Every structure is written in structure tokens, then in C-alpha cells.
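A.B. asks: Read off the chains here:
Protein chains: 2
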Amino acid sequence: MSEAITELKIPTYDDVLAAHERIKPYIHNTPVLTSTYFNGLTGAELFFKCENFQKAGAFKARGASNAVFGLDDAQAEKGVATHSSGNHGLSLSYAAGRRGIPATVVMPRTAPDAKKAAVRGYGGRIVECEPSTSSREAVFAEVLAETGSEFVHPYNDPRVIAGQGTCSRELFDQVEGLDAVMAPIGGGGMISGTCLTLSNVAPETEIYAAEPENADDAYRSFKAGHIIADDAPQTVADGLKVPLKELTWHFVENHVTDILTASEQEIVDAMKLTWERMKIVMEPSSAVPLATILKNRDRFAGKRIGVIITGGNVDLNKLPWMGND
Amino acid sequence: MSEAITELKIPTYDDVLAAHERIKPYIHNTPVLTSTYFNGLTGAELFFKCENFQKAGAFKARGASNAVFGLDDAQAEKGVATHSSGNHGLSLSYAAGRRGIPATVVMPRTAPDAKKAAVRGYGGRIVECEPSTSSREAVFAEVLAETGSEFVHPYNDPRVIAGQGTCSRELFDQVEGLDAVMAPIGGGGMISGTCLTLSNVAPETEIYAAEPENADDAYRSFKAGHIIADDAPQTVADGLKVPLKELTWHFVENHVTDILTASEQEIVDAMKLTWERMKIVMEPSSAVPLATILKNRDRFAGKRIGVIITGGNVDLNKLPWMGND
Numbered sequence: 000m001s002e003a004i005t006e007l008k009i010p011t012y013d014d015v016l017a018a019h020e021r022i023k024p025y026i027h028n029t030p031v032l033t034s035t036y037f038n039g040l041t042g043a044e045l046f047f048k049c050e051n052f053q054k055a056g057a058f059k060a061r062g063a064s065n066a067v068f069g070l071d072d073a074q075a076e077k078g079v080a081t082h083s084s085g086n087h088g089l090s091l092s093y094a095a096g097r098r099g100i101p102a103t104v105v106m107p108r109t110a111p112d113a114k115k116a117a118v119r120g121y122g123g124r125i126v127e128c129e130p131s132t133s134s135r136e137a138v139f140a141e142v143l144a145e146t147g148s149e150f151v152h153p154y155n156d157p158r159v160i161a162g163q164g165t166c167s168r169e170l171f172d173q174v175e176g177l178d179a180v181m182a183p184i185g186g187g188g189m190i191s192g193t194c195l196t197l198s199n200v201a202p203e204t205e206i207y208a209a210e211p212e213n214a215d216d217a218y219r220s221f222k223a224g225h226i227i228a229d230d231a232p233q234t235v236a237d238g239l240k241v242p243l244k245e246l247t248w249h250f251v252e253n254h255v256t257d258i259l260t261a262s263e264q265e266i267v268d269a270m271k272l273t274w275e276r277m278k279i280v281m282e283p284s285s286a287v288p289l290a291t292i293l294k295n296r297d298r299f300a301g302k303r304i305g306v307i308i309t310g311g312n313v314d315l316n317k318l319p320w321m322g323n324d
Numbered sequence: 000m001s002e003a004i005t006e007l008k009i010p011t012y013d014d015v016l017a018a019h020e021r022i023k024p025y026i027h028n029t030p031v032l033t034s035t036y037f038n039g040l041t042g043a044e045l046f047f048k049c050e051n052f053q054k055a056g057a058f059k060a061r062g063a064s065n066a067v068f069g070l071d072d073a074q075a076e077k078g079v080a081t082h083s084s085g086n087h088g089l090s091l092s093y094a095a096g097r098r099g100i101p102a103t104v105v106m107p108r109t110a111p112d113a114k115k116a117a118v119r120g121y122g123g124r125i126v127e128c129e130p131s132t133s134s135r136e137a138v139f140a141e142v143l144a145e146t147g148s149e150f151v152h153p154y155n156d157p158r159v160i161a162g163q164g165t166c167s168r169e170l171f172d173q174v175e176g177l178d179a180v181m182a183p184i185g186g187g188g189m190i191s192g193t194c195l196t197l198s199n200v201a202p203e204t205e206i207y208a209a210e211p212e213n214a215d216d217a218y219r220s221f222k223a224g225h226i227i228a229d230d231a232p233q234t235v236a237d238g239l240k241v242p243l244k245e246l247t248w249h250f251v252e253n254h255v256t257d258i259l260t261a262s263e264q265e266i267v268d269a270m271k272l273t274w275e276r277m278k279i280v281m282e283p284s285s286a287v288p289l290a291t292i293l294k295n296r297d298r299f300a301g302k303r304i305g306v307i308i309t310g311g312n313v314d315l316n317k318l319p320w321m322g323n324d
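Chains A and B are the protein sequences, given in the same order. Following numbering that gives the first Met the number 0, the residues of the first sequence are numbered contiguously, the last one being 324. Following numbering that gives the first Met the number 0, the residues of the second sequence are numbered contiguously, the last one being 324.
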């Protein structure tokens, strides 16, 4: 850990600005939606930054594109690699495809076929491992050794954090006078990028992270003052199961106002209500902020709050309010 | 029929302009979305006018608002009434609520509780009838006699058609150089409004109507040259079961380029694919245009096409790709 932190450079706001210039041709400046209904329900004024409309369906296209398009030609030729069965694997495949370089994604052989198909749909190559950390690490090490690919971590990577920081930079231009910005927290990449940008352009804006009660390691880390990592937490918000790492902990520790949690039922209810009333498809993870605003009405009433809808990649055959098998 | 047509005035483009001024405070100028994915798939350039984001969840808020806000005070005091278990009932309740006048909606007692709750949520009053045309007509006549309310027909009403015409007026301002505009057709209110506007502002633009094969009365009417009405057709696109009436037939007969149809499976596939790729919630009816574009690739490739996504009110507990009970 201590060795890693000396290697990993904490990104600066200049890195966010450079990232934005670099990735603009490959990402959407996503729209901000409002809802009279949700404003009435919460007593707050909510501004939803819709990264579910982002390329590859999630904000992760920002960080992945920044990493991919920042590589020099020699390294780019060898490609990029990551281990992720979620949006980062998709996004890295998307970005590599746009640059025309190889992307390898190590994924458990037990991952859903739909996720594998999506990665391949964006041109990524899948190498399967067993569903264990030791197998994943061994297989991933082989991939790196064989291909010489550049490892792009889903969140503990300064290029990725600087890329995610472009989201609240856009939001800051789109909505004036926000009192607070809220995003879900898993590994902390989006929250870190948000902290990085807002602490520079709007240091008075509060930053809230929202987390499932069932995977509240960031909440407990925040209260304890050091990283606490859980082993395989179970939550419907499957993008939020991963722990903080040193870079993201740096931003959480120094810039986050508070971390709030919501139960599984509260998350599913907020997700379904958003689909019904706002007519947008979003992931369970994206519903966690609204769920926490709804249960902390007094804290947020009267405030102007930016809410980051992080992604929209869901299995439409298996929606969480329909019961699971 | 012949008596009715002498009473019903065919609306003009000036009526559309007046409607737009009248309803602007109560409706959204809905966004136009594009999709690299669907452009690739169809070979066309598609511009989706998203009325699923409209007030009350569908374009019907336009026509209903125009009717409600066009009433003089004496009539307004007595309220408005309609028979509809779908979006028009919702929209009329919404518009009446905004003006602060009563709305009565006659609905079969067998209509889903969710639809009744939605009407009541917008402040509408429901009067139940038996699920038959004779009962509906008898109950509705009683309502009109008792309340003196103004009847606002879901589509065969010049005020409603002029209101729906504001949608393509916005689209015309939002997207330049459209070769064609396509909308689903049921009773024909949206298509008529589209014809009314485009025949005035862009007469060279082609106008396509899209219809379920299972409820293809407008298609057969168009080919036969007179109105053919079906008895209770069955289709997943439940907003499109109603027949053309004299006013809407006027526009279809004179201004529609062609009517294309799609099967139930094609509609459901297009709907699911839109949710997956565009991350928007839309009704089965709204997927019919895309379904017909996908199956008529050669006809539309290379063209710039406005596609009207008519609404987003769906039962999330009962999605058509999940099987029905």
C-alpha cells in the first residue's frame, strides 16, 4: 500500500482540464434534467446530470477515454487491459475501439453472458478467470506479461479520476449556484473526480456520497478515518461493491461533506419511481443518491442539489422490483 | 357522421400558432435525442422528439392544455370531461388541474387501478362505467347533463389537433432539413397535428404514420380511401387501438405520404432495444415508428427523419418482453 501511494500521483485540476480537452470528441456533454415531481417530493431543487446517456452507458467512459487517449503511440500499440465485469470494462473497450487499439478485459467465467457480449460488442477481448481474487490476479498478470498492455484501474488511477472530474465541470457550467452535489460511492472514482473539480471551481459546494447500507464500507471508513474494506458485500447496486483505495480515500477524507446510506428497498423504490416519473432508464447504483435525499428531507429541503445519475446499464430481463431468481 | 363533420371545424396553422402561445407555460419544449447506435443500425439519421418527457408523460398534454386554456371563464367553471382510460384522461386532468377547474373522466370499472390512481393523482374525478360502448355512452351523457362540462374528445377535436401540431412546430425549430417525420397512428391526433404544421412550414417533408399490424385500420383506410373501423383490435401498443374519425381522416387522406405497419414482436423488440441503447422509458406505441424504419431500411437509409416518441406511461410491473399474465 505505502509503495503504491508513492507511485500514484494525486491528480490536479489542471489534469481535469487537460482530460476534458482530450476526451471531448469521444464523450457526450450529457444533459441535466429536472423534475417538478421530485422537487415537490423532496422540497429541494434537484438537477440530474444524466450520465446514463453517456457513451457506453455510464460516466466511466470519461476516465477510460482519458487514460486511452493519453497514451503515447508506442504504449497505445500494445493496448490496454483491466479486470472488471462492469461499466469500466465496457468503457475501456469503447475508448480503445475509438482509438483503434486492443483492449483486454479479464472477467470471471461466471459473469453474465450479456456483460461479456456487451464488452465484445465494443470490440474488447475477454480473458476468463475463475471467480476468485487469486485467479483473477494470476490471469491478469499473465495478460499484462503477454501483451505488454497498459493497466487501467477502474478508479485508483489518476488518469481515471481526472477523467471523471470532467462530469462536475460540465455540471458547474450547466447549473448555477448549486449548494451541493451528490453521487453514489463504490470505489470512489466519481466522488474523487467531483471533489477534485469542485474544490477548485466551487469550494463552498457541499459534496455528499451515497452508499447502500449493505455495502457501507466507505461510510464506515469515513467515520473511522481509515480505509475499511468489506469482503464481497451483497447489494442490488452492483457497481458499488468495491472498496476505496489510496487515491480515492485521499479525496473522500479531505473533501467529502458526509456519506449517507440507504437500504436495498429504499434504493429499489427510488429507482422505480425515477423510471416512472422521469422516464429514464438508470442503474440501481444511480438511485442511491435520490434514496438518501428522500430519507433526509430536512437536511436537503430548500437546497439546489446536483445529483449524478451514474449509468444506465441494466438487465431489462431482470429488474429488481420484479423479484430475483 | 355527416352531421358531425359540419360541426367540426378543420383547424388551421394559425390555430397551431395560437395554441403554442396559449400552452407554452404548461408544457415542455421536449428535447430531441440522437443515437449513434440507431443511426448505424438503420443507415438513416434519426431525431427522436421525446414526448415521453412531456407533462403527464405524453404528447396529449398539448392538445388537452389547448382545449382547457381556450375555454371562456363561464365554461371553464363547469369543467371538462372525457372518456379515456389512457393518456388523454391523464392529460386532461393535468391541464384542468393547472387551470384549477374540474375534470371528469369516464372509465370502465375494469380499467387497471394504476390508471385510475394516475388520473386521481392529477386531480381528475373518475366516473366508472361498464366495459361496453353502450354503457360508456350512457354514463358519459349523464355526466355532461349533470355537470355541464365541456367534452374534449381525445383526437377528433380541432382544439386537440391544433395542440398536437405544436410538437412538430418545435421539432422544425430544433432540427434543420428533415426529409421525413414519422409518428404512430391510432385515432390520428398526433399525425393530424403533424400534417397541419408541416404542410404549412415544410410542405416538402414526407409524413409517415406507423401502425401495429394487429390494429391496422388506418393502413386499410388509407389504402381503401375511406374510414375502416375495427372492433376491439388487440395489440401491445394499447394507445393505438382506436379508429380514425372525420377530422383526423381529413389530414390522413390529404397529407400522409404512407402508412407502414409492424408486427407485435417487431414492436416489442424495437421498444426493448430503445430502452437498452437510449436509456429512455417509452410506451409500446412509441416503438412502432422505429420498428417500421428497421424493417424498411432501404426506404429510409440516408434520410434525416424526425421520430416522435409519443409517450412514456408504462406499467413497470408488466413489461411486454417479460410475458403477460
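Derived from the structure by calculation, the hints contain no laboratory data. One or more hints might be untrue.
Note that the list lumps identical chains together, so a pair holds whenever it fits in one copy or between two copies.
Unchecked claim - Listed next, the in silico SDA-like pairs over lysine to any residue satisfying Cα-Cα at most 25 Å (straight line): (1) 294 to 96; (2) 222 to 9; (3) 271 to 317; (4) 222 to 179; (5) 114 to 35; (6) 115 to 314; (7) 271 to 157; (8) 294 to 117; (9) 8 to 272; (10) 317 to 263.
The model shown is predicted, which means the values in this text are computed figures rather than measured ones.
A.B. asks: Run every hint past the structure and note whether it holds.
C.D. replies: Checked hints:
no. : hint       : in the structure
1   : 294 to 96  : neither (42 Å within a copy, 28 Å between copies)
2   : 222 to 9   : within (22 Å within a copy, 68 Å between copies)
3   : 271 to 317 : both (13 Å within a copy, 13 Å between copies)
4   : 222 to 179 : within (20 Å within a copy, 58 Å between copies)
5   : 114 to 35  : between (35 Å within a copy, 20 Å between copies)
6   : 115 to 314 : within (13 Å within a copy, 30 Å between copies)
7   : 271 to 157 : neither (34 Å within a copy, 37 Å between copies)
8   : 294 to 117 : between (35 Å within a copy, 24 Å between copies)
9   : 8 to 272   : neither (41 Å within a copy, 41 Å between copies)
10  : 317 to 263 : both (16 Å within a copy, 21 Å between copies)
Checked against the numbered hints above, the structure breaks hints 1, 7 and 9 and satisfies the rest.
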